[in-house]
Amino acid sequence: MGELTQDQFVGFYRTMRTIRRFEQRVVELVNRNDIPGAAHEYVGEEAVATGVCHALRPDDVITSTHRGHGHILAKGGDPRRMMAELMGKSTGYNRGRGGSMHIADLELGIFGANGIVGAGAPIACGAAMAAKLKGRDGVAVSFFGDGATNQGVLLEALNLAAIWKLPVVFVCENNGYAISASIREMSPLQRLADRAPAFGMPGDSVDGMDVLAVHEGASRVVARARAGGGPSFLECLTYRFVGHFTAEKALGIKYRSDEEIEEWRQRDPLVTYPAWLRERGICDPARVDAEVEAVLEEAVAFARQSPLPAPEEALDGMYATTYPGLPARGW
Amino acid sequence: MAVMTYREALNLALREEMRRDPRVFVMGEEVGLYEGAYRVTQGLLKEFGEKRVVDTPICESGFTGVGVGAAMLGLRPVLEMMTFNFAILALDQIVNTAAKMLYMSGGQYNIPLVVRGPGGPAAQLAAQHSQSMETYFYHVPGLKVVRPSTPADAKGLLKSAIRDENPVIFIESETLYAVKGEVPDDPDFTIPLGQAIVRREGTDVTVVAYMGMMYRAMEVAEELAREGMSVEIVDPRTLRPMDTQTIVSSVRKTHRAVVIEAGAGFAGMGSEILSFITEQAFDDLDAPVERVTGENAPMPYARNLELLKTPSKAKIAAAIRKVCNA
Numbered sequence: 001m002g003e004l005t006q007d008q009f010v011g012f013y014r015t016m017r018t019i020r021r022f023e024q025r026v027v028e029l030v031n032r033n034d035i036p037g038a039a040h041e042y043v044g045e046e047a048v049a050t051g052v053c054h055a056l057r058p059d060d061v062i063t064s065t066h067r068g069h070g071h072i073l074a075k076g077g078d079p080r081r082m083m084a085e086l087m088g089k090s091t092g093y094n095r096g097r098g099g100s101m102h103i104a105d106l107e108l109g110i111f112g113a114n115g116i117v118g119a120g121a122p123i124a125c126g127a128a129m130a131a132k133l134k135g136r137d138g139v140a141v142s143f144f145g146d147g148a149t150n151q152g153v154l155l156e157a158l159n160l161a162a163i164w165k166l167p168v169v170f171v172c173e174n175n176g177y178a179i180s181a182s183i184r185e186m187s188p189l190q191r192l193a194d195r196a197p198a199f200g201m202p203g204d205s206v207d208g209m210d211v212l213a214v215h216e217g218a219s220r221v222v223a224r225a226r227a228g229g230g231p232s233f234l235e236c237l238t239y240r241f242v243g244h245f246t247a248e249k250a251l252g253i254k255y256r257s258d259e260e261i262e263e264w265r266q267r268d269p270l271v272t273y274p275a276w277l278r279e280r281g282i283c284d285p286a287r288v289d290a291e292v293e294a295v296l297e298e299a300v301a302f303a304r305q306s307p308l309p310a311p312e313e314a315l316d317g318m319y320a321t322t323y324p325g326l327p328a329r330g331w
Numbered sequence: 001m002a003v004m005t006y007r008e009a010l011n012l013a014l015r016e017e018m019r020r021d022p023r024v025f026v027m028g029e030e031v032g033l034y035e036g037a038y039r040v041t042q043g044l045l046k047e048f049g050e051k052r053v054v055d056t057p058i059c060e061s062g063f064t065g066v067g068v069g070a071a072m073l074g075l076r077p078v079l080e081m082m083t084f085n086f087a088i089l090a091l092d093q094i095v096n097t098a099a100k101m102l103y104m105s106g107g108q109y110n111i112p113l114v115v116r117g118p119g120g121p122a123a124q125l126a127a128q129h130s131q132s133m134e135t136y137f138y139h140v141p142g143l144k145v146v147r148p149s150t151p152a153d154a155k156g157l158l159k160s161a162i163r164d165e166n167p168v169i170f171i172e173s174e175t176l177y178a179v180k181g182e183v184p185d186d187p188d189f190t191i192p193l194g195q196a197i198v199r200r201e202g203t204d205v206t207v208v209a210y211m212g213m214m215y216r217a218m219e220v221a222e223e224l225a226r227e228g229m230s231v232e233i234v235d236p237r238t239l240r241p242m243d244t245q246t247i248v249s250s251v252r253k254t255h256r257a258v259v260i261e262a263g264a265g266f267a268g269m270g271s272e273i274l275s276f277i278t279e280q281a282f283d284d285l286d287a288p289v290e291r292v293t294g295e296n297a298p299m300p301y302a303r304n305l306e307l308l309k310t311p312s313k314a315k316i317a318a319a320i321r322k323v324c325n326a
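Top to bottom, those sequences are chains U and H.
The working numbering puts the first residue of the first sequence at 1, with every later residue one more than the last.
The working numbering puts the first residue of the second sequence at 1, with every later residue one more than the last.
Heads up, a few of these hints could be off.
Cross-link-like lysine-lysine pairs, in silico, DSSO-like; alpha carbons within 27 angstroms at most [said to hold, decoys possible]:
1) U:K89 - U:K132
2) U:K165 - U:K134
3) H:K315 - H:K253
4) H:K253 - U:K132
5) H:K180 - H:K313
6) H:K51 - U:K165
7) U:K132 - H:K51
8) H:K46 - U:K165
9) H:K322 - H:K253
10) H:K253 - H:K313
11) H:K46 - U:K134
12) H:K46 - H:K253
13) H:K51 - U:K134
Label pairs and their in silico Cβ distance ranges [claimed, not checked]:
14) H:S275 - U:A320: 40 to 48 angstroms
15) H:H139 - U:D258: 34 to 42 angstroms
16) U:D59 - H:R19: 37 to 45 angstroms
17) U:E298 - H:Q245: 34 to 42 angstroms
18) U:P36 - H:I88: 29 to 37 angstroms
Pulled a few chain H residues facing chain U out of the computed Cβ check, cut under 10 angstroms [stated by the list, open to error]:
19) F25
20) T97
21) Y136
22) L224
These are calculated hints, taken from the structure and not from any lab test.
Ideal Cβ placement from N, Cα and C applies to all residues, glycine included.
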């Protein structure tokens, strides 16, 4: 902790604030039908993506989830191209082909958000394996929720990473609920990290509402992976302050008590952390807030002004090479 | 030209491509020490070592996902499904990620991945180990699907599949591994994906068939030749992309067509082939196109019932006679 610089402390806040405000803008835009489709906001969980991704290098790889905006932003994703993608514009990360659940950035090692629960875990293992075979010391992080811990492919990936000693960090964002299904009912374990030793890897559980705790925990296991020590499981205890997806509010379904939500809100990292920064005299969070607002304002404007994808290009990019002379039919 | 088995041709293709490109590696269940359940990877561990010939636990979905991730970081994995039936367990990784990643990422990531292994009707292995697996894949935009019938095709097409920048589903056959044939020695011999071949020239009727059905159709064609019927046989070799041109040109010449497939006929490959023949060559047809397909039932175990499941020579001959006498 003592090794962290002032810039890093401020950087954590900038990332968390960007995620929070990005998601709040998304909600507004969804409600105004400017963003179509489904968006799953990361509000409340900002400290997890921030703490983990700030422990990574640019060439490290992440795989993300349906609730992925936070991971992408924390890994350095451009809010303008993200917002444009959410609006289905041609300037978006995926040229309007992917939307909220599939944002990818080759340059930043973002191997895609994935709409299939647990599916990113073996992909992170593959990236880690390739890095190892190429003689690089890159690390891959797989983000997934508590719900994914009951998905077969995730368990397969944990075993593969363990037997091959892959430089992978499995980050379990335990927000307590898979949509409405409480993890207390879906797993008999008090701590999901306790699954890790059964796979022959260390499992740690950290406070996912505390960016410094997450960063410390993540830095430790990332360093271990990079040094050839193999995979780890990092459970981050967190909470989403909003519904599973934007429109859930309108459904009027209740699966969490007001008291529970309020208890977690007391630990909102976007309240506690800036207060701590102020107390310590590290920075004035309000100045960061203003910077973030400007960035997001520009992102929304950029997305709005961008053109929709050209219909005549709709079938481009289905295959990496084309065979001249082959008829189109059958493709 | 050397004479070798279909199995040896596949093995040679893997060997040559692994020598040619250090990014190519083989991964799957029993591919290393055991040298493949059907011995296709024989000797590879010895020549290339365990970094490039990777034995996995039994987890088709897991190791296919690993293949996808490795391909995204620039390697060229060749995954073996011990039998293609097990690929159903990896369907999510193949369909939702490998096939869609390039398009869905707006052109950022292509997935140069080969998934290979035996599929199709086998010999008394019953319903879970004996079925036409191509059906589950050729519908998916983003995938290429290959079904090589001969040793030369097995080698030339597998080499093209490994060099391809896209995910390729390459389905061999348990019943063809021991088939022998001439195979070009040139290490740069490849057959482009998406090229059909006329296996037998004829003038009266075009028969479209691949894998075991192609061999069965060839026997029928020889028998019918004695009755004076001239049968042309076209083998598509790649099902996606399909070389419709070669098939339609043949039909325009013969004016009659019979489409054969081993799998269940409902919404099968035969329907697709029949449909483009009708769309593109309707005016050239002198008779309605006939389909001869497998029964719409799971593969039974008993030999006599198994024989009833796939198109028999008698059924193929009857269909050919029917279109020729129409």
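Hint-by-hint comparison with the structure:
no.: 1; hint: U:K89 - U:K132; result: 37 angstroms, violated
no.: 2; hint: U:K165 - U:K134; result: 15 angstroms, holds
no.: 3; hint: H:K315 - H:K253; result: 24 angstroms, holds
no.: 4; hint: H:K253 - U:K132; result: 56 angstroms, violated
no.: 5; hint: H:K180 - H:K313; result: 22 angstroms, holds
no.: 6; hint: H:K51 - U:K165; result: 13 angstroms, holds
no.: 7; hint: U:K132 - H:K51; result: 10 angstroms, holds
no.: 8; hint: H:K46 - U:K165; result: 23 angstroms, holds
no.: 9; hint: H:K322 - H:K253; result: 18 angstroms, holds
no.: 10; hint: H:K253 - H:K313; result: 24 angstroms, holds
no.: 11; hint: H:K46 - U:K134; result: 20 angstroms, holds
no.: 12; hint: H:K46 - H:K253; result: 51 angstroms, violated
no.: 13; hint: H:K51 - U:K134; result: 11 angstroms, holds
no.: 14; hint: H:S275 - U:A320: 40 to 48 angstroms; result: 28 angstroms, violated
no.: 15; hint: H:H139 - U:D258: 34 to 42 angstroms; result: 48 angstroms, violated
no.: 16; hint: U:D59 - H:R19: 37 to 45 angstroms; result: 29 angstroms, violated
no.: 17; hint: U:E298 - H:Q245: 34 to 42 angstroms; result: 51 angstroms, violated
no.: 18; hint: U:P36 - H:I88: 29 to 37 angstroms; result: 33 angstroms, holds
no.: 19; hint: F25; result: 7 angstroms, holds
no.: 20; hint: T97; result: 6 angstroms, holds
no.: 21; hint: Y136; result: 17 angstroms, violated
no.: 22; hint: L224; result: 29 angstroms, violated
When the structure is compared with the earlier hints, violations turn up for hints 1, 4, 12, 14, 15, 16, 17, 21, 22 and for no others.
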